[in-house]
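Based on the sequences and whatever the hints tell you, model everything.
Mind the numbering: the sequence shown is residues 1 to 285 in full-length UniProt numbering, read in order.
What the hints contain is simulated information worked out from the structure, not anything from laboratory work.
Don't take every hint at face value.
Said to hold, decoys possible - So the derived label-pair ranges between C-beta atoms look like this:
{"#": "1", "residue 1": "L253", "residue 2": "R144", "range": "10 to 20 Å"}
{"#": "2", "residue 1": "A59", "residue 2": "A85", "range": "41 to 51 Å"}
{"#": "3", "residue 1": "P117", "residue 2": "R257", "range": "42 to 52 Å"}
{"#": "4", "residue 1": "R87", "residue 2": "A134", "range": "17 to 27 Å"}
We treat Cβ as the ideally placed atom computed from N, Cα and C, and that holds for glycine.
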Amino acid sequence: MVPTIACGKPGPAGEVAGVNILALLGIGLLTGATTVLFGFGGGFVAVPVVVWADAALGAEAIRVATATSALVMLVNSGFATAVTARRVLSALRGSGALLLLLAAGGTVGALATRHVPAGDARWGFVAYVALTIADLLLRPGFLRPRAQAQSAGGARRPLPAVLGVPIGAVAAFLGVGGSVMTVPALRRAGHPMRVATALANPLTLAVALPATALSLYGAAGVAAGRTYLRLVGLVDVRAAAALLLGALPVIALLRRRPPRIPDRAHAWGYLALLGVVEAAMLLTG
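Laid out in structure tokens, this is it:
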């Protein structure tokens, strides 16, 4: 079976499900910034935006949003990894097992999205972000890092390999890429925010690759014929293209000239963005 392309009746030029493509391009600029600054790869931003853009699908919009998010994360995180300094990426040496298990978990999570009610996936996203915000606020080590040696390129394994499957599964199921788990873990291991967020990109890539492949294979019963959507499998390709067109130049620019952000302010910015995403997801309900 080849990927299904479900085309609806053409709508006004420059619109995706009634949303002007320029708006998605603008959001793409933001996803590029979050990819570099927070390691998100675009997932946390892309999911509520695509849910909003594809609201005509009703409850099924969350399935399309997580699939589209996977593709956006795959390209963004892959590009961000390619332009990251090798001395920073050297911290992942010896992490082959972790990357393989992240990919395995990503496969499990992507498959689960086809069998779990769409409403459950949506509220799972909301609950997960809320719990993460509470954890970062209440548990020491993120906003108030312990006095540990912080290096930009140590050979230390960033995460235990055994965590790969659960992180990958949750990340792919919710369309968040895993950085919401990996960045806090890396920071609590002693890495400064600029290193933790950079290392999150290749870890996100491992999750997003199988999730994207499965998302592009078949539409799993999502009916796009009543909308202005263009779906390939479960992916809204026009929304993904608009988001990526805005994101990639920003990634290139910020990797070339990274902003100098104090570490503590960087951590608070990460937390604040999670709060904005949570509010956006609730408002698009």
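Against the structure, the hints:
A beta carbon spacing of about 32 Å between L253 and R144 contradicts the range 10 to 20 Å that was offered as a hint. The hinted range of 41 to 51 Å is satisfied by A59 and A85, whose Cβ atoms lie roughly 43 Å apart. Between P117 and R257 the CB atoms are about 45 Å apart, so this pair conforms to the stated range of 42 to 52 Å. About 35 Å separates the C-beta atoms of R87 and A134, a value inconsistent with the hinted range of 17 to 27 Å.
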